[in-house]
Each structure stands twice: as structure tokens, then as C-alpha cells.
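Student: All chains, full assembly: derive it from the sequences and hints.
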Amino acid sequence: MSEVAKAPQTLESVTIRFAGDSGDGMQLTGTQFTETSAVMGNDLSTFPDFPSEIRAPAGTLAGVSGFQLQFSSQEVHTHGDAPDVLVAMNPAALKVAVGDLKENGIIIVDRDAFTDKNMNLAGYESDPFSDGSLAAYRVFDIEITKLTLNAIQELGLPQKQAVRCKNFFALGTVYWLFSRELQYTESWIESKFGAKTPSLAKANKLALNAGYNYGLNTHIFPNNYVIAQAPVEKGLYRKVTGNEAVGLGAVTAAELAGVELFLGSYPITPASEILHFLSHQRHLGVKTFQAEDEIAGICSAIGASYAGAAALTTTSGPGLALKTEAMGLATILEIPLVIVNVQRGGPSTGLPTKTEQSDLFQSLFARNGDSPMPVLAATSPGDCFWATIEAFRVALRYMTPVVLLTDGYLAQGSAPWKVPQISELEKIPVEFATDPEGFQPYARNEDLSRPWAIPGTPGMMHRVGGLEKQNITGHVSHDPANHQVMSDLRAEKIRKVQDMIPATEVYGDADAKLAVVGWGGSFGAIRGAVDHLRAQGVKLAHIHPRFLNPLPKDLGEILAGFDRILLPELNMGQLAYVLRANYGIEVARYNKLEGKPFKEAEIVTAIRAQLEEMG
Amino acid sequence: MSNYPIFEPTDPSGLTRKSFVSNQEVRWCPGCGDYAVLASVQKVLPELGIPQEDFVFISGIGCSSRFPYYMETFGMHSIHGRAPAIASGTKAFRPNLNVWVMTGDGDGLSIGGNHLIHAIRRNIGLKIILFNNRIYGLTKGQYSPTSEMGKKSKSSPMGTVDYPFNPISVALGTGGTFVARTMDANPKHMQEVLKAAALHEGTAFVEVLQNCVIFNDGAFTDVTSRQSRGENTLDLVDGKPLLFGNKNEKGIILDKKMRPQVVKVDEVGLENILVHDADNEAMAFMLSHMTIPNHPVPMGVFRSVARPSYEQLLEDQINTAKAKKPNASVQSLLESGYTWRVE
Ligand code: SF4
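Protein sequences appear in the order of chains Y and D. Per the numbering used here, the very first residue in the first sequence carries number 1; after that it's consecutive. Per the numbering used here, the very first residue in the second sequence carries number 1001; after that it's consecutive.
Fair warning: there could be bad hints in the mix.
[Stated by the list, open to error] Subject to a maximum C-alpha distance of 27 Å in a straight line, what follows is the list of computed DSS-like cross-link-like pairs (lysine-lysine):
# : chain 1 : residue 1 : chain 2 : residue 2
1 : Y       : 427       : D       : 1322
2 : D       : 1325      : Y       : 196
3 : D       : 1325      : Y       : 427
4 : D       : 1324      : Y       : 192
5 : D       : 1195      : D       : 1043
6 : D       : 1325      : Y       : 418
7 : D       : 1322      : Y       : 192
8 : D       : 1324      : Y       : 196
9 : Y       : 192       : D       : 1325
[What the hints assert, rightly or not] Take a look, some chain Y residues computed to stay more than 10 Å from chain D by CB distance:
#  : residue
10 : 100
11 : 195
12 : 560
Simulated from the structure, these hints should not be mistaken for lab results. Bear in mind the structure is a predicted one, so any value in this text is a computation, not a measurement. Heads up, the beta-carbon is just placed ideally off N, CA and C, and yes, glycines get one too.
Tutor: Okay, here's the thing in C-alpha cells:
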């Protein structure tokens, strides 16, 4: 150790991307950085980005796995646009990710991975370190593999195992760079490996510390950084992904309703983690049924709902397509059911691991006959919890199937989430019909909702089905006038869901000329962009309706109050179409279909373009 | 806190056939075999000692799928082919319910084939009654997946070129723990089979040879008519020799290639006749392939074995998990995972 290190510099927000081969442990590395930063009090948002092939060939571009996060001393809405720092564990990772990096951004690479073979696999024709292609960045090429092996040499691990510790070396270096504490990751390593493979625990901790000390001692970085705590509400926090939050929300909704939860589902990317999560909750009485296909997934949920369950089915786009016939059945049966669709790139198999918002049409319209159904969308990983509860609240109050839209970005991304107290949440009222006196299966209450009379209830035997029902009695009816009455009732019932939608929030400047309208997972990017511009004195509003069917009562009037509406969507303009159909308004569309979430900067640019046009 | 209503189950001892007749007019064609099944089910249910409100009948689409409307039980006439999937959800969620699936050869073996095989594979406690009339009735006369090869129908004017399913083989092939066949023309036999099915733990699969008088009249006459029944069918009784013929004078043996052969009992001796073993999958499979004209058509229970049901195993898991975490609550779940406190 020579001279005294320079004092760390303070930054407000930093975006880091960890990228490497699928086998390099980048998801784990990113998760560790996230959890440490969370405990250190930063607000943050993450986005893992992995290949759809489980085992793409090592070293290839297709096999690159990435994890990006933004952490900050301020409120964070997205996982960050362009990374400030890229950690690339091999040439392919560098090649895939470098284009996103900020100018003058930091690149940390494992020099040892830049062999001729790997360079070839990544398609590098010349050495990027000497051909000038990285001139715009600050490159730190470190012999990570070699230094890792040196650090843990004493343990005498087999070469293959030893090399695998290199991601902890890289993590250690980045921890030094951003003044992170090592203890959280150390204790994680201990709990993960300590008992079973103490030598691995030791090796990973040594590698982590070696990486940290490398930054501290070598002075290859001119200085390091601190990012202060973000001003967050007091309380207990946890990290949730969107998929976990849906699972937590479903369990909570069932508890609030005093009924038992049943999930019928078929595995599909990127929704499967909800099935995994709920399969682990047997101790709370949660029943999960892994069905033979998507159709059986929803049908089993319908069968359970018929018997009195808080019923859930989970899927992604192509799976929703298969469920549509059964969604029609649930509509005419008028039974409660929540259908969670974690949207991904389409059409067809499309982009299974990439995000999109292109199933709005499918959710609103893809059924035979007039089959209205409430549709709502979640805005952030943590909001998936609240949106799921809301979906159950609607389903159980109005005896209807409900579609909840999330997306691959929310589902896989994570953010800190303040744990609520269930005792403080509003209950979901549920009443089962038990009185045979005058019982009519299709009689309705003031919400136009019909009674829930479940098998096993004495004296309440009755038949339901997919054939048109006679009003009130529920008997099969082909009477033309009755079909009109029933169609009207089904439509009116869903329209009445408006009664429980709170007044639409207009964020920002109510007197702005331009409002940015969005839905679902683009919330963070839009809010970030709007905040960014408002901080520069631009007048702007942001409106982000949760309910997409029915639309809030007040939305049409609110939108009409602005000179112009900008509507960014990760599709070809689906909500824009719906707004025109409902209110006859033409919005300025901003559509992107790249399988990636919006960046704040993209929205900022789109807003600026509108403002310029408006003069 | 649970919102489920609590009540005493009703007393099943006073139930009669009439208790299960709904107020809906039965709308099958006069002479349709479905009537016999309806009457038999209504006869059997009161004998089971199960409260009326615990019966659930779930069907798909097709003539047979109108069944639930005629039963004074809980019922759902659902969508084409999906009844086993819907009923699986009902049964898995509420194992105490007695859940029946009424389906046909088109509904169960064509559009809903996937659900049927997986329900049986799981051994989930459904009573699946498959009305096999070897034709599409409701859509007015196209061939079905059980129509014999070469069948001329509205959609196969030159005869079919697809090989049919054998429903019993399908059910056995998916691991069915109770697999039986009966016919509309023999109510007594049907009632015995249905009763055994109703009391079976796990999936009970029953094929009913059912005559469609309109589109496929007489499809099973050789098997079901009183005149030929003795010669052309063989009653399966567990532990009893495989005998048939008007005077039980014929029996089944295995030849050296393990093929079933029809023999005269007095020529080979009763001791050499195969004895039915309902716990023998290979035998059940062999029997399922016996048909006229070379063999009699076996009727009755091909296979019946005890194996824990899906719903029981699921309940067991839940009880085990609850016992391991007696103090678990939803609040503690919310507070699990990676947590930290901001002071
Ligand atoms: S068409 Fe055939 S199966 Fe259908 S009700 Fe008539 S006779 Fe019965």
C-alpha cells in the first residue's frame, strides 16, 4: 500500500450491467449486488436478461446472460437506460452489451477470457483493446481468472471449481468501486455453501475479498464512489420480482376473502415462477395443480372456482390464446377467476424471454361472442402484489373472470417492496348462497352479480353451463329476447366495475398542454422521463390507468382537457386504438417492438419531439 | 378467517331414484341408449350412502353431455372435451365431493383426449362414464375416433381411412386403476359396474356401449342383443375363469404365443381356463383386445387396483407441510425472503 487513496466521490444514481456467459453466474452476481445495495438503503430496480435457450453454446453471443440494475440515493423508477458500468466476463458479453454503455462509461473485463477461441466465437476480427473500438470508454482489463486462482490457491480446489469463483472476484472489485459492504454477501455465501461445502464457501469469500482488495490496493481506478441512502419510508422491506409479488398477492387476496386459493397452471416462460412460488405454499393450504396443458390449467381453475375457490390461472401470450374458449365459459358461468398473463414478445412463440405489451387486444377481445371481461395491468414488480389483490376483489365482487396483465419486464425484474400488514388491508367480502328458499342461480344483486352456491351446500343443487341461460332461473334458453337481455346484463355488469375504480390520478401539472398516458409496465420509464423534464421546468402530466376494461369513468373527460396526448406502448398502438374507439380521440403514438422495455431517455426524446411540434 | 358456510350434511338414507330426477324434460331421441344410462345412474346413487348435495356431474359437449341437466345434483354442462379438466379442479379442491364426468367417444377421445388420459394417469377420483356410440350424434352423423375402419358416414362417404381407438386399451394404457365396460341394453350389469365405479378410490373409467338410434343404429347389436349376448360377450368376474357361451361351455386359454384362444371347456378341462385377475395389467390389456368375431367381447371390470388417489396425496402433502410449519401465516410469508428494515 502506498499513498493515501483519494476520497470517494458521491454519485446520485448508478446503472451497472453484469454480463457473461450463461454459466458465469451473472444472475447471482447481480442479485448479490442488488441485495447489498438494498440493505445499504438505496432505492433500486433490476432487470435480468437471459437467453431463451437454457444451454446456448458457451462463449457465443446467444449464450450471453445479463443483469442490469440502477441504484440510487433518489427514488428509482427503472433499471436504468445506458449503464455507467459494464462488467463483461467474456468477449461475447462485451460485444453484446458495449453498445448500450454510456460514453466514457467504465468497462471491467476478465482479460483471461479474451482468448483467440473466445474472440472468434464472439465474432471479433481484431483485438478490441488495441483496435480503438473501445476508445469512447474507460477500460479496465483485469486478469480476473488468474487473480482468482491465485487468491484461492491454498485451498487446492479442482481447477474447474476454482475458476467458477471468478464472479465473486469481479463482484468484490465492483463492491470496492461503489463502497459496498461485504458482509451481506459473505453471510449469503456462508448460508449457501457453508454447511455442505465449506471449501467452496471459503473460496468464494476469498475471491470476493481479493476482488475488493484489488480495487483498494492497485489504484487502477482513479477513485471510488459512494451513493447515499435514498429517502424511503420506515418499515420492513423485501425484494420482490413481479412474479413473486403475484404469488404473494394471490395468497393475501385469498386470506382477505376468507376462501382457499387454487392455482391451475401449465409452465410457460416468463410466468412459471408464479407456479413455482405457489407450489411452495402448501403449508398455507394453497392447492396448485400443474395441468396437462394451458386449457386444462384454466379449466381446473374453473372447476375449483365452481367449488368455492379463490381461483387463479397463470400464463403468457400463447397460453392465453389457448385459454380463450374457457374464458368464455367462465364469463357465461359468471364465476370468479383471475387470469394472470405475463406478456412476452409475440406473435406465436415470438420472443419468450423478452418483454412486450402486445396482449391488450387479446385480453379485451379474443373470445367468441360478446364476452366482456375486466382487464387491469400492474405497473411495477411491487405493484403486481396490489394489482393481484385488486383483480381478486373485482372477480369476487362481480362474479367474473378478470385478466391481470403483467409483463416479462415486471415479472423478472425486482425492486424493494415495503411489506404491508395484512390486518390493515381492506377485507374482500365474500358471501356464499346457502338458503334454498327462493334460490335462483341467475338472480342478481345491486352489482348485477349472481349468487355463488357451491357443491356440498344442502338444498342448493342446480345446473350451470356454457349454453345461454334464462335470466334469473339459469335454465337453458334459446329465446331470442332472453339472449338480448343476458348479453346486456353481462355487459352492464362489467361496466359497473367502474363503481370501484378510484378517481384517475393526474400526476404532475394538471394545467400542462401535454399529457403522457401509459399502461402497465412502462410506468417506470414514463414517470422517470416526466420527472426528469419537469425538473427542468417543462410542464407535463402523466396518466397511467390501472383498469383497461372498463376504463375509468373520468378518463375521457380528463384526456379531453389536454391539447395533446403522447401514448408510449410496447406494441403497435393497442391502447391508442382503444382510446380512439372509446373517446374518439387521436393520440400521438410512440411504439417500440424490440423485446425491450422503454428507456427513460427514449420517452424524454419522444416528449421533446411532441413539445417541439406543439410549439 | 374462513367464509365457508358450515352445515350438517343431509341424511342420504331417505334418497330414492326419484330424488335424483331433475325438473328438466329429457330431450334425447326416443330409443336412444342414453336413457338407460340415466335410469341406471339414478338407481345407483341412492344406494351409495352419500348426501345428495355432494354429487357433482360435469360434462362436455355432445348428446351424452346433456346428462347433468337431468340430474337433481350439482352439475355443469361445460365445453367440448374439457370436462375431465374442470372436474379435476373441482375434485382436487374439494375431495369430499363425488364427481362424475359424463362424456362420449368424440368428447372424451377426440377433442378432449388429452384431458381424459391425464385425468386417468393422475388417478384423480373422478367417475368417468364414456358413452361410446361410435359416431358423432349432436353434429349429425360424422365418424368418430371409435368408428370402425372403413365406416361410411357423412364425412367419410368412401369409408374412413383412420384406425379407431379402443377406449378400454386407452384407459389401461394411461394406468387406469378402475377400467370397465358395460352396455345400455343390460341395466342390471350397468348398475353393478356403476356402483363399483362409484365406490372406487381414484379414477374409475367406464365405457358404455351405447346405441345411437338415429345415426349408427345397431352398432353393437351383435354384442348387446339378447339372442347373441351369450355367445358374443364374456362376463369378467375377478377370480373366476373366463367362461362364456349360452351354457358357459366355452372358455379362454393362452396359446404358446400368448394369444387368447377360444376353447371348449370339456375338451381342455376347467382347470386350464384362464382365471380373471383384476390386479393384472397384462391380462387386462390382452382382454381389451378381444373382440368379435374371433373372441367374445369382455364385459365388466377389466382392472381394479387400489392406489392412492391424486387428491389424497395432495391432502397428505398439505397436512405434512402444515405440521412442519404449525405457526405459518400469510403475514409471515410476506415477511420472508430477503428482508431488511429501514429505521
Ligand atoms: S342422436 Fe343418437 S346419441 Fe344423440 S340423442 Fe339421438 S339417438 Fe341419442
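Student: Does each hint fit the structure? Answer for all of them.
Tutor: Results of checking the hints against the structure:
Under the criterion of a C-alpha separation no larger than 27 Å, the hint pairing residue 427 of chain Y with residue 1322 of chain D is consistent with the structure, at around 24 Å. Using a Cα cut-off of 27 Å, the hinted pair residue 1325 of chain D and residue 196 of chain Y holds, with the two alpha carbons roughly 24 Å apart. As the CA atoms of residue 1325 of chain D and residue 427 of chain Y are separated by approximately 25 Å, the hinted pair is consistent with the 27 Å bound. For a cut-off of 27 Å, the pair hint linking residue 1324 of chain D to residue 192 of chain Y stands: about 22 Å separates their Cα positions.
Note on residue 1195 of chain D and residue 1043 of chain D: the hinted pairing holds, with a Cα-Cα distance of about 10 Å set against a maximum of 27 Å. For the hint linking residue 1325 of chain D to residue 418 of chain Y, the alpha-carbon distance of about 24 Å falls within 27 Å, and the restraint holds. In summary, the hint linking residue 1322 of chain D to residue 192 of chain Y is supported, as the alpha carbons are separated by about 25 Å, within the 27 Å threshold. The straight-line distance between the Cα atoms of residue 1324 of chain D and residue 196 of chain Y is roughly 23 Å, inside the 27 Å bound, and the hint therefore holds.
Under the criterion of a C-alpha separation no larger than 27 Å, the hint pairing residue 192 of chain Y with residue 1325 of chain D is consistent with the structure, at around 22 Å. Listed as a non-interface residue, residue 100 of chain Y keeps its Cβ farther than 10 Å from every Cβ of chain D; the least gap is roughly 27 Å. Every C-beta of chain D lies more than 10 Å from that of residue 195 of chain Y, the closest at about 19 Å, which supports listing it as non-interface. Listed as outside the interface, residue 560 of chain Y is consistent with that label: its C-beta sits roughly 41 Å from the nearest C-beta of chain D, beyond the 10 Å cut-off.
The structure agrees with every numbered hint stated previously.
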